[in-house]
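Asker: Protein chains in written order, with our numbering: chain A, 1 to 354; chain B, 1 to 200; chain C, 1 to 391.
Derived by calculation from the structure, the hints in this document are not laboratory data. The hints are all genuine.
Here are the simulated SDA-like cross-link-like pairs (lysine to any residue), alpha carbons at most 20 Å apart as the crow flies:
1) A:142 x C:361
2) C:354 x A:90
3) A:247 x C:369
4) A:97 x C:15
5) A:142 x C:335
6) A:247 x C:370
7) C:65 x A:52
8) A:204 x B:148
9) A:247 x C:373
Which stretches of chain A does chain C cover? Using the computed rule of at least three CB atoms under 8 Å from a CB of chain C, they are:
10) 48-60
11) 144-150
Derived Cβ-Cβ restraints for the label pairs, each shown as a range:
12) A:257 x B:149: 23 to 29 Å
13) B:39 x C:82: 30 to 36 Å
14) C:82 x B:199: 48 to 54 Å
15) C:201 x B:199: 44 to 50 Å
16) C:28 x A:143: 56 to 62 Å
17) A:203 x B:111: 35 to 41 Å
18) A:165 x C:340: 20 to 26 Å
19) C:32 x A:156: 56 to 62 Å
Bear in mind the structure is a predicted one, so any value in this text is a computation, not a measurement. We put the beta carbon where it would ideally sit given N, CA and C, even for glycine.
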Amino acid sequence: MNAHQTLPADEAVPAYNYAYLDEQTKRMIRRALLKAVAVPGYQVPFGSREMPLARGWGTGGIQVTAAIIGPADTLKVIDQGADDTTNAVSIRRFFEKTAQARTTEATEAATIIQTRHRIPEAPLTAGQIMVYQVPQPEPLRKLEPREAETRKMHAWAEYGLMQVKLYENIARFGEVTTTYDYPVMINGRYIMAPSPIPKFDNPKMHMSPALQLFGAGREKRIYALPPHTSVRSLDFEDHPFRIQSWKEPCALCAATDSYLDEVVIDDQGSRMFVCSDSHHCETRRAEGHRGTMLGDATANGLVDPSSSTVIPGDRRETRDPFRNPAGQGSGMDPGSPLRSARDDDAKVETGADS
Amino acid sequence: MTTETLIGPGFSDPVFQSQGAFRALLAALAEPGTRHVLPGAIIPPEGLQAATATALLTLADYETPIWLPPTLRDGAAGAWLRFHCGAALVSDPAQAAFAVIDGTAPEPALAAFDAGSDQFPDRSTTLIVQCAALKGGEAVTLTGPGIATTRVIAPSGLRPGFWAEVAANNEAYPLGIDLLLSHADAVLGLPRSTRIVEFA
Amino acid sequence: MYVAVKGGEAAILATHDLVAQARRGDAAVPEISVAQIREQQGLSCARVMNEGSLYDADLAALALKQAQGDVIEAAFLMRAYRTTLPRFGSSEPVDTARMAIRRRVSATYKDLPGGQVLGPTYDYTHRLFDFALMDNEGVMVGLDPTISGREGATAAGDARVKPEHDVASLDAHMPRVPDILGAEGLMEPEVPPEGDPRPFDLTREPVSFPADRDVRLQAMARGDEGFLLGLGYSVQRGFGGNHPFVGEIRVGEVSVEFIPEELGFAVDLGEITLTECQMVNQFAGSKDVAPQFTRGYGLSFGHSERKAMSMSLVDRALKCREFGEAAEYPAQQDEFVLYHSDNVEAAGFVEHLKLPHYVDFQGELELIRRIRHEREQRLAGENEALPEAAE
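Extracted from the complex, chain A is given alone in its bound form:
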């Protein structure tokens, strides 16, 4: 018996399956996800597929999202904290196209949030799923390049090498110099790479009410954190873990507790600091918070004035130039014909297995 997959009998099947992946692949990924959830922080090898997006550009996260997403989901995709960065747009379009996904920029409205390099500032809630894109799932890889060796270290919880490396940092610079992808200990057992989020975001992982899934496509690993799982950033008693802080608040929304990006605004070295989480910043501005440079930024076209008029809690849909050609307004309202068309046609278009 060497047939590995049966063909759908239905000839009306669309060119690509719902959410791109074939059902056998989804089953394989789903099995890996369940084992990942059962052993938090352990990297489950999986048969990562070739994807139509490049390796290193989120193929792990995309495969995880494709294996979990369904018609009841609302998807948010961010890169560097922003919904509008090019790769976030590209991935969101991929799911709109292949899974007719309902998308949003509102953190609280999303059931699945696929991210690269950030955790949103708004607290995650029970029932939400975070999907992290992971370039290098192995936290020990920079210390030991051989997979055969790092696998043994995890098997026997031999993490002395990591302690030595962190301590060498302290000896040389007075502190641990890892600022992103800062290693964490999961449930007291496995050291895990949190993906290249700034260490600022590490505390958000600890005992989060959301389910957190991690996909590394090129490296072919999946791992997970169930809700309410202990996530401890590695540190030493005399050098406790600490996160980044800024001297000034966000120049646009005056937030003092969010991760800030530095934006160079002229060639004289002038700069402003703004929230990396674009939705968080917009929501705060809509609530009336004003940073010192909001007026200038709006005048200079750095900030879309319309985005400052978002009503708090507004579950507006992502802007999508493919469905709403430029000039027809920025939002796809929940009652638009396109969306109802999707609901009506979902079964017809995607009813067949493959």
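Since the structure of chain A is already known, use the hints to place chains B and C on it.
Answerer: Below, chains B and C without anything else, positioned relative to chain A:
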């Protein structure tokens, strides 16, 4: 005599029924002890609870050997799984990726299934325990990942000594099998990471 | 102004248009057809089929056209398409001993059963531009004497040259060179693993290490030609203990057969062109086994000798574990070779550095400024504390 006349149908809409069922299974193992209904509305073959059949239809295929109690394996359930999942049915519990037992059956012991290896703890059996009900039994207190503090469950129709076996399974962590207790159309997850704080 | 506040969606759309324009080039020049690429750029197509892991010359040509001739981008297109194809099953193993030979050369024997068949090769061309090919229609028809050696073949006495007009009457029997050596017991036997299981498929299952030979060969067959060439070369130069001879290279067509479950007998699916290289390497032996030559094996789609040769060099180097040799050099380390030979993965990860990383970079900026600030303060403090000693 064709297979169609003997074997009942599986999913009518495999893409979305399996997606829905998977999300329920994911939630069940991510939040141990909480009850989750597996949507799918299939008619299971004799000997399998609806949730058991739905879970296997969602997760099993030619890559995942299944262990069933011999009476099920040689009956309608075995034929149904072979046909719909293309799965091999194995007689050695330690070879199984998925397995089904009756909660009251005295064996096989949980330790008879594959607990994975220290380098690949994911390569372990997922065991579905069919029980009389997911409530009404003795109270058991759980803690661990997926549980904010503690959670109390009381499934009924489990053999004597079952909870001691579950506790022993957890002690081998990160090795161990992962359990799904099933009744009717619902499941409750008990991954190996869950600790049994208290049982009678 | 480069400020990533909003506008990503519009920018992406614009790039698609710009790519389409760049691909077409000057509209006054006729558009190239897929058939032209398939027929006239066959070696490129072969490389795309190899690295894209899909034998389909039309799709390879389309991929090259769509990718403006970028081979890695074309291989990527092939793979992204391939991954969506349903699997009917596995073919029967192809038998290269029954290949319809187009080219077959051995460096280990002057002549051998079946003879040397030079076939189409650039080996003895002088790399001088043939300006007749420049914008002149029709010159591709007919054979260039510097390529075929047909006219004025100075190597008439060389057994390695079989004039083209003899092609029709090639010997039916062309034993593979390692089989000849094997009959004498001089060649390491090639025995399938117990039970002869279906080979591993690394496009469906995750690889674990150490990797078995089926995994290594599959990885190399779809690996980057340039990377394998460099590794193979490193082996020759001493970063590896091989002393290779080309036992044989053969290029030609083999038929692919498949046994459908419902029929139970083999059905011929058609022919594919393959290049096979069997590299003979210096012997290994032990107390129990008399010294024998060891082999390195390379197999690739289409006419792609450089690829097959490089693969066979690295294959032999990777067999060091089986022969109890130390794995000191990159070409001998399976993790190194397998993880880094995949050019689609490598290109993706190298090029992802173009993606915004400003959140991570901000962390680094914050850190370096703080460390420098703390250092300045510390130095200032030291200077104040020891004003005399400093002098």
